[in-house]
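What follows is each chain in one-letter form.
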Amino acid sequence: MRHRPRGENIIRFDSVGLRYGLGPEVLRDVTFALPSGSFHFLTGPSGAGKSSLLRLMYLGLRPTRGRVVLFDRDIATTRRYELPALRRRIGVVFQEFRLLDHLTALDNVALPLRVRGVRESEIRKHVPELLSWVGLADQLGAKPSTLSGGQKQRVAIARAVIGRPDLLLADEPTGNVDDHIAMRLMYLFEELNKLGTTIVVATHNESLVSRFSHNPRLHLEHGQVTRVN
Amino acid sequence: MFGRHSDLPLAGDATSRFLPWLVALMVFLAAMAVSGAFAVDEVMSRWDHDVSGTVTVQVLPAGGDRAEAATEDRVRQAVDLMRLVPGVLAVRAMDKARTLALLEPWLGGTDVVRDLPLPRLIDVTIDPDARIDLAEIADRLSRTVPGASLDDHRVWLSRLVNLSRTMEWLAIVVVGLIGLVTSATVVYATRTGMAVHHDIIEVLHLIGAHDDYIARQFADRAFVLGLGGGLFGLAMAVPALSALGWAARRLEGGFLPSIGMPIAGYVVLGLLPVLAAGLAMLTARLTVHGALARMP
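So the protein sequences, as listed, match chains P and B.
Residue numbering for the first sequence follows my numbering, beginning at 1487 and increasing consecutively.
Residue numbering for the second sequence follows my numbering, beginning at 120 and increasing consecutively.
Honestly, the hints are just simulated from the structure, not real lab data.
Here a beta-carbon is modelled for each residue, glycine too, at the ideal position from N, C-alpha and C.
Where hints are given, some of them may not hold.
Residues from chain B that face chain P, not an exhaustive set, calculated with beta carbons under 7 Å [unchecked claim]:
1) P128
2) A130
3) I319
4) V322
5) G327
6) Y332
So the derived label-pair ranges between C-beta atoms look like this [stated by the list, open to error]:
7) B/Y385 - P/E1582: 52 to 58 Å
8) B/D318 - P/W1619: 45 to 51 Å
9) B/I291 - P/D1500: 58 to 64 Å
10) P/E1707 - B/H408: 47 to 53 Å
All chains should be modelled from the sequences, with the hints used to inform the complete structure.
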């Protein structure tokens, strides 16, 4: 992991706009910068564009206007074959988990390591450790279809953090788990943050935001970001 | 290749069921075309080898009371003339008994045939490297020996060789078309597979998989399916070709040289399944790369 010195911007949006096809702009003039090693909540009402903003951040979309700079690279001028290297520095917890149903929990978590060409012996060592840490030691060989919503979410989180990313983006990561597991996951995120990972957690859960109110918040409303705190 | 990890559940795809059958059919057809081309080429080269160094003099039988003796006289004159030609290695007049033996398969061996005024033939072996003006000799022969004419096999042989070359090109075109059809099917199968597994491909893409990591999985699968289908198609072609060879050997009857295939033909036949599998693999790889290039 190549964490940057704390304080330098890991991601910067300048006047970014996004529209799907010929529809209206879902994001307008979005401008912000996240310092390396920071921990932000991304809040806002449903339909405000939180998932779209996260998709822009994890390079799942290209902006229709404006400039996105990630790890000091202007995405508009970055060559396509260089993008996988940037994506490998980002961990993503998708709102709908997006686990691969035909793979076991262990193989799902191992995916980011396999695409990097990590040896199987390393994978067999580290993945079970992480799954144990999120309380799934007895579910290594389970397929997602046999897991509960909370268990799937923990597998998704384990997959996002297994590669020790520089930037972790989580879309409603605590939406399907009870308070105890939610707190445990948040502590995991904070541990990662202490190790240098920049964290952005999109959530509706106001009580969770309040409990971790020492972290700044990006609030999104009507397609525009306003910094709170 | 076969032991490599795959994240995509391609084994259960519907396309996996029809692709091997299609490749099997294509390899079967390609095997037929390739074998035909090699067999024709082999026959032609043997024929060419057998007759390219020879010409035949034909002497029409003389009429009158002493027809037999007069004809023998004409044959002798023709033999003497041909022996004087530079580049002629041997001259052998075919006696009447040999001529009758050649005609027996068509006309039978009855006394009526024996009494027919048959033309006499003279085999002339010439040095293949010698530059002989056959037209001039034919002219001299017809002027010197009544009823004698020179039959140069090269004219009709060259037509046969042209026919053989045409058939070879036709076989190449057929194999090319078979390759195109196979590629088009693999493109369709791969695109269908990509549409079915779009969500998985997107996840792999977003966690940092290079395009080739995804393309390789489709390519490996296409290779395995293509090789399996190709081997099956070749296995079906072997008995079909054996049956054709057996039927051809029954037809030969001394007219055609023995029909066979050179070693190169067997090598190409053996390579067909591998070539089909390689083509499927390459096509799948390029198709996936093309499709992924449109992703952000």
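> For this structure, which hints from the list above don't hold up?
Replying inline: Violated hints (numbers, rising): 2, 8 and 10; every other hint is consistent with the structure.
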